[in-house]
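Model the full structure from these sequences, guided by the hints.
Those protein sequences? They're chains V and H, same order as listed.
Residue 15 in the working numbering sits at position 15 of the first sequence; the count goes up by one each step and never skips.
Quick note: to get the working numbering, add 1000 to the position in the second sequence (first position is 1).
The set of hints was computed from the structure by calculation and includes no laboratory data.
Predicted model, so just to flag it, every value in this text is computed and none were measured.
Straight-line alpha carbon distances no greater than 25 angstroms define the calculated SDA-like cross-link-like pairs of lysine to any residue that follow:
1. Lys160(V) - Asn188(V)
2. Lys185(V) - Asp256(V)
3. Lys10(V) - Gln1252(H)
4. Lys1065(H) - Ala9(V)
5. Lys116(V) - Arg87(V)
6. Lys1010(H) - Asp1268(H)
7. Lys1065(H) - Glu60(V)
8. Lys1065(H) - Asp222(V)
9. Lys1010(H) - Arg271(V)
10. Lys1020(H) - Gln1008(H)
11. Lys65(V) - Arg1018(H)
12. Lys65(V) - Leu1075(H)
If we take Cβ atoms under 10 angstroms as the criterion, some of the chain V residues that face chain H in the derived model are:
13. His16
14. Ala66
15. Gln223
16. Gln252
17. Ala267
Over 12 angstroms on every C-beta distance to chain H, these chain V residues come out as not near it, computed from the model:
18. Gly28
19. Thr31
20. Arg87
21. Gln111
22. Glu130
23. Asn135
24. Phe136
25. Ala141
26. Asp163
27. Gly164
28. Lys195
29. Leu227
30. Leu249
31. Val278
Backbone N, C-alpha and C fix where the C-beta goes; we use that ideal spot for every residue, glycine too.
Listed below, chain by chain, are the residues.
Number of protein chains: 2
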Amino acid sequence: MPLELIQQAKVANGWHKRYKHQSSSVNGEMTFAIFLPPNANQEHPVPVLYWLSGLTCTDENFMQKAAAFSTAAELGIAIVAPDTSPRGEDVANDDGYDLGQGAGFYVNATQAPWNKHYQMLDYIVQELPELIAANFPVSQAKSIAGHSMGGHGALTIGIKHADGYRSISAFSPIANPMHCPWGQKAFNAYLGSDKSQWRQYDASELLSQCQATLPILIDQGDQDDFLAEQLKPDTLIAAAANLTSPFELRMQPGYDHSYFFISTFIADHLRFHGQYLV
Amino acid sequence: MPLELIQQAKVANGWHKRYKHQSSSVNGEMTFAIFLPPNANQEHPVPVLYWLSGLTCTDENFMQKAAAFSTAAELGIAIVAPDTSPRGEDVANDDGYDLGQGAGFYVNATQAPWNKHYQMLDYIVQELPELIAANFPVSQAKSIAGHSMGGHGALTIGIKHADGYRSISAFSPIANPMHCPWGQKAFNAYLGSDKSQWRQYDASELLSQCQATLPILIDQGDQDDFLAEQLKPDTLIAAAANLTSPFELRMQPGYDHSYFFISTFIADHLRFHGQYLV
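Below you can see the structure in the form of structure tokens.
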């Protein structure tokens, strides 16, 4: 399927480009953005960091607000930011900001009406990387990162498909969605009421059984309004107790849940991934 | 008049805060944002860079998209970003994006109905700096910068009030508004048809007669869609021919009019101002 370029701008001596395309995974149109660093070309393919955004976001939030480009350009890392769900009039939706369009939770839905389009896991793990490899000068090296719902996505996808990614990082991830209101609402809708089906999408559950060697960096603001009720980083720290690979969760004093927080530490995350993407 | 805090977030180890307040200059409510670097306190007041935004912008665009905070924190420079006009149901407006609310052009309007509220020159030059000095740990040292309509504002205000500012910079300024559609529409409405009243707000006119010693840095993308019709940097270069102080206008190949362009070069601008704000 061809990519349709919908916007482009030179930035940090590289390029930011937005595309839409027909997705076989989600059975409809998807949008993504890519940052290509200045050194990316056919003779010099670059590694890719996949960035998964949070609730209500599109492909644009990270690219406009994260202040990531100068460091990504310096390190020679491409960044791909997909939309957070399928969209459109024929795509199931909900009145809440935390379910439906803008809130795909990076799962493959099994329940009607969601299962017709909400196959975000397949899109992120399989279809999108194939599309990126076929259309841009990128290498096989991939890492994954995200924020909030996207932090949940980065952790669960990175752990479950550890052979596909070199490293994982997250800002303010939903660390134990089986036991928080956002996660329970989404999993009930997308996966049904059988909680045995939820475990494969819970970062704390997956991490406690993780055998892979996969470096993980997490930043969490201690003034985040969602910290205690929705994010539950302590559960993730406990689940990481037996890991053999590097795991660091940094509580950042004074910071909240916003892109002001992300923009403060994104350079650290890019340098973290850069160690493993060479 | 008291300031009302409407939002705050820690960023780059400093603070981003938004305030609204009753403005005597514009005879109504105004909103501004401030970035305070981590070293700002009563024992260590910091210099201020005033940032004037372009058409359609509010106080938020620069703060969310410019990627300025890490460098401003490092240099110890506060940044103040006012809204681009008065706003509200009782404030005159226009159906176009280039006149009325969001398009104050940093002038003191003399024509009805605009003159009731559109006194943005007084607000930027007088009221806002007094408010900042009274409420935040800042020194007397000020510089001014802006984008597009705000580049026009930074140049005209900086040149006309050269004793108030240490340095000026601009991205993609409207350099000769008397002779471009955006400027002519705004000046006709705000200042009337007598073009002798327009000269005091035209950067090229002012610069050609400038006796002050005032360093100026300008960046302009050569793929800017507004370059030939609206921005006219060549007129400004010609007007700068007899300046005795540093003047540099850099044509940046491949860049457009967006915040992707601004975010690429904002660190250069902050370091430029930093030389004069010590």
